[in-house]
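Peer 1: Okay, here's what each chain looks like letter by letter:
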Amino acid sequence: MSERMLRIGSETAYDALAESLDAVVRLFSSPCTLAEVAKAQGTDDLPALERKLDQLVQNGVLRRNGERYEAAGPLLYAGRQESVIGIITRLMLPSTFRAMQQDQGFAVQVELQVAEHEQRNLRQSFLAPLTEQLNELSDEPGDEKVICTLVAMGTSDVPGPGEFQERIIETVRRAGRQRSIPASADRAFLIQADGYFTPAAKERAEALVRTMAQDLKDTYPTRPEGGKPNYTVALGFSVRNGVGGTK
Amino acid sequence: MDRIIQACDRLGIVGSRFREEIAAQVQSSVLARRGRDAIRITGSTGTGKELVSALVHEVARTEFGRTGELVEINCGNLPDSLFESTLFGHKRGAFTGAATDGKGLLERARGGTLVLDEVQNLSLEAQGRLLRLIGEREYRPVGSTALQRTDALIVLVSNLDLVQLAGTGRFRRDLLDRAPAKITLPPLWQRREDVAELAQQFALEAAADRGWTGFEGLTRRALADIEGAVVAHEESSVRRLRELIRDAVFAFPEPAPVKLESAAIERFLASFYGANPAADRAAWDREDIEERFDLAVEAQVVRHIAGLHGIPENTLLKLARVLRELRDSLQTGEKPVPNSYRNLMARTSLATKAALWILTGANNQAEFRKFFGEKNHEMPPKSVAWQLYHDVFGDDDGKKH
Numbered sequence: 001m002s003e004r005m006l007r008i009g010s011e012t013a014y015d016a017l018a019e020s021l022d023a024v025v026r027l028f029s030s031p032c033t034l035a036e037v038a039k040a041q042g043t044d045d046l047p048a049l050e051r052k053l054d055q056l057v058q059n060g061v062l063r064r065n066g067e068r069y070e071a072a073g074p075l076l077y078a079g080r081q082e083s084v085i086g087i088i089t090r091l092m093l094p095s096t097f098r099a100m101q102q103d104q105g106f107a108v109q110v111e112l113q114v115a116e117h118e119q120r121n122l123r124q125s126f127l128a129p130l131t132e133q134l135n136e137l138s139d140e141p142g143d144e145k146v147i148c149t150l151v152a153m154g155t156s157d158v159p160g161p162g163e164f165q166e167r168i169i170e171t172v173r174r175a176g177r178q179r180s181i182p183a184s185a186d187r188a189f190l191i192q193a194d195g196y197f198t199p200a201a202k203e204r205a206e207a208l209v210r211t212m213a214q215d216l217k218d219t220y221p222t223r224p225e226g227g228k229p230n231y232t233v234a235l236g237f238s239v240r241n242g243v244g245g246t247k
Numbered sequence: 248m249d250r251i252i253q254a255c256d257r258l259g260i261v262g263s264r265f266r267e268e269i270a271a272q273v274q275s276s277v278l279a280r281r282g283r284d285a286i287r288i289t290g291s292t293g294t295g296k297e298l299v300s301a302l303v304h305e306v307a308r309t310e311f312g313r314t315g316e317l318v319e320i321n322c323g324n325l326p327d328s329l330f331e332s333t334l335f336g337h338k339r340g341a342f343t344g345a346a347t348d349g350k351g352l353l354e355r356a357r358g359g360t361l362v363l364d365e366v367q368n369l370s371l372e373a374q375g376r377l378l379r380l381i382g383e384r385e386y387r388p389v390g391s392t393a394l395q396r397t398d399a400l401i402v403l404v405s406n407l408d409l410v411q412l413a414g415t416g417r418f419r420r421d422l423l424d425r426a427p428a429k430i431t432l433p434p435l436w437q438r439r440e441d442v443a444e445l446a447q448q449f450a451l452e453a454a455a456d457r458g459w460t461g462f463e464g465l466t467r468r469a470l471a472d473i474e475g476a477v478v479a480h481e482e483s484s485v486r487r488l489r490e491l492i493r494d495a496v497f498a499f500p501e502p503a504p505v506k507l508e509s510a511a512i513e514r515f516l517a518s519f520y521g522a523n524p525a526a527d528r529a530a531w532d533r534e535d536i537e538e539r540f541d542l543a544v545e546a547q548v549v550r551h552i553a554g555l556h557g558i559p560e561n562t563l564l565k566l567a568r569v570l571r572e573l574r575d576s577l578q579t580g581e582k583p584v585p586n587s588y589r590n591l592m593a594r595t596s597l598a599t600k601a602a603l604w605i606l607t608g609a610n611n612q613a614e615f616r617k618f619f620g621e622k623n624h625e626m627p628p629k630s631v632a633w634q635l636y637h638d639v640f641g642d643d644d645g646k647k648h
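So the sequence lines, in the order shown, correspond to chains W and R.
Residue 200 in our numbering sits at position 200 of the first sequence; the count goes up by one each step and never skips.
Start counting at 1 in the second sequence, then tack on 247, and there's your number in our numbering.
Worth flagging that the hints you see were computed from the coordinates, not collected in a lab.
Zero decoy hints are in this set.
Ranges of calculated distance between the beta carbons of each label pair, as one might list FRET restraints:
| id | chain 1 | residue 1 | chain 2 | residue 2 | range |
| --- | --- | --- | --- | --- | --- |
| 1 | R | Arg486 | W | Thr33 | 46 to 54 Å |
| 2 | W | Asp45 | R | Ser263 | 18 to 26 Å |
| 3 | W | Gln113 | R | Asp249 | 54 to 62 Å |
| 4 | R | Gly554 | W | Thr33 | 27 to 35 Å |
Heads up, the beta-carbon is just placed ideally off N, CA and C, and yes, glycines get one too.
Construct the complete structure from the given sequences, taking the supplied hints into account.
Peer 2: This is how it looks when you write it as structure tokens:
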């Protein structure tokens, strides 16, 4: 992952991030006061929010300049510091369900044939550029930004045929399960990325996600004859709080 | 049910799953029977038998207006020679040293609750002396010729399965038959959802005892490790979990942390269970996904439906859980399921939808199908759905929606 990326180190900071995710996403867009952060987080409990933000300051994720908080770097990466089902329940499923609702986002799934060593490399070859480009789009200045979420999951435990939404949910399960099998964990991924986008940037982000999914399909096509897919990738992109979204 | 949950609050009973399960059992064994039958509470060590006895007393007090006290006696510490006089009282001169009449515990429990703890330790002879008390609510003080009546609610508590003991002749079957109302307490590891809630509560309590301020509890990672170890090592005792958490909090060097991280509990998981979180996490995660993924999906679906229709999420979740359990009972044959459920229970999703149909207020099958996108033949009759709903929640709850 990028050198510009801040990494969450302690479990306490990870929890602070989990409990104030929207506020932190807002701060990675531009510096703002506690009151402005509270608005993004949708809370009026300022002391509690301040405590969480100060924990992130202590852990080097945020900085405090007088009345304003700001991100200490352009990107933040938090490796999982909870159970797989915890992150699935708290983040992945809500975001995936939101992406599958037509008025809030969209989801795509591609079936692929990928060599094992390339499956292990998909984080670098596919996810890293996707999240980097989304980050650049979220850097675009503007008013009326909205928080958008990308969920991405990939697994070599490909679900059988079925209805579109059920297959995506099954993909979440299988990717989560594979992440907890040490021997094959590195061939699966399950990530969520959040950013703060202007309406125009959001549209370009949606187009980017679709294009990247298509590129993936073109790069690792299933052979027309007898070629069963050995890998699947599902992507969901949605707007938090039900604002906006295009199909 | 809500009033039983409120009683749980008053008694400080923690654990959402435990509270719901116990509330349902107290409903059927105490409230539905109007407190007329003796109750037997069974659960292994540390599962909360004492608390549930207190809950039974509290519910009887608030729901039936009983004003007597809660009287407990540990039968394990009571020799046969003292059993009768302790429980029933005695007349002057009944035995050496009985210089005056003595009141027994039953007299103290008048209008209240008498809890016989570790009842399995009573000799068969002593059990025999309880037959009339539990069956007819009558007893005779030692040395007296007159029968007395008691209105005390009698609770038999055991950490062993009394039915099994009766099968081996160590407990009187006829005594068991006279106490038909049962409350069975699940071991801690079988209610995974409560582990984190309890651990967090114990950590906060211990921190308060240490005088820590600003302490926020255990981290998600630490909670996941505790939960994984408790389930994998089949820990049944809440008391042991409390001991583990308190040990970890009291062993932590000053200054007080904001949260207690997994490293701080690691050695206690090792000493209590021989667990090694770093090595075991993957396996715990796998188990967890298998066990809870479908529930997590169901919760999302319910949240979506609740949001769309302005229905209380908790009601829908509770309903879905009850329906799932009924389906499980049907499949395992553990307890009889009413005929009206059979068709519905064969498929949980359909049963859930049947109840949701009622909750969504759809007027006919066409409206319902529009919402759920179902085919005609998959729909249960609405009359069955209504019956199901009322059987589960009763008329009062039904009217709310």
